[in-house]
Amino acid sequence: MDDELALGSIETQVAMLIRLGEATRRSSPRPHRALDRAAYVILRLLRESGPQNISAVAHRLNLDGSTVTRQVGAMHRDALVERSADPDDGRGTVIAATAEGLAQVEAVSRARRELYDVVLKDWTGQERKDLAAVLERFTHDMDAYIKGRGPQ
Numbered sequence: 076m077d078d079e080l081a082l083g084s085i086e087t088q089v090a091m092l093i094r095l096g097e098a099t100r101r102s103s104p105r106p107h108r109a110l111d112r113a114a115y116v117i118l119r120l121l122r123e124s125g126p127q128n129i130s131a132v133a134h135r136l137n138l139d140g141s142t143v144t145r146q147v148g149a150m151h152r153d154a155l156v157e158r159s160a161d162p163d164d165g166r167g168t169v170i171a172a173t174a175e176g177l178a179q180v181e182a183v184s185r186a187r188r189e190l191y192d193v194v195l196k197d198w199t200g201q202e203r204k205d206l207a208a209v210l211e212r213f214t215h216d217m218d219a220y221i222k223g224r225g226p227q
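Position in the sequence shown counted from 1, then plus 75, gives you our numbering.
Ranges of calculated distance between the beta carbons of each label pair, as one might list FRET restraints:
#, residue 1, residue 2, range
1, G165, D216, 34 to 42 Å
2, T199, H134, 36 to 44 Å
3, M91, R166, 38 to 46 Å
4, G125, L92, 25 to 33 Å
5, M91, I221, 17 to 25 Å
6, R166, V194, 42 to 50 Å
7, S159, Q201, 40 to 48 Å
8, I93, A160, 31 to 39 Å
9, R135, R188, 18 to 26 Å
10, L210, G125, 18 to 26 Å
If you're looking for bench data, these hints aren't it; they were derived computationally from the structure.
All residues carry an ideal CB built from backbone N, CA and C; glycine is no exception.
Whenever a hint applies, use it, and build me the whole structure from the sequences.
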């Protein structure tokens, strides 16, 4: 496969992966749908990195601060996050996942891992590791590109 065909295939497969991920979330039982995509990603970040300034969350997720503020407002109403004044910046807000938020993100994550285990049932352990490594590299490079650190 030449490079142009490979890039076309990558473009198509990424689009299909996004569509299938959303279709799976909408058609699956509760654990998959317990959190919308924004809440899931924010809670995953908070679970991995601890409490964060909203500006730091926006930067990490390549979102506008006002978008994150709006999403966090909804998450706060649902008792998924707690907000407090940023001790380093009086204008800022720090958010932390609540026990409920952590429980919900873990339930969704577990349900997704179980789904992927079924979908990848015929894949060897090495094929799963290879896929994980390639996806991690791809998302890292996309993030670097968006932030202006990668190839332009």
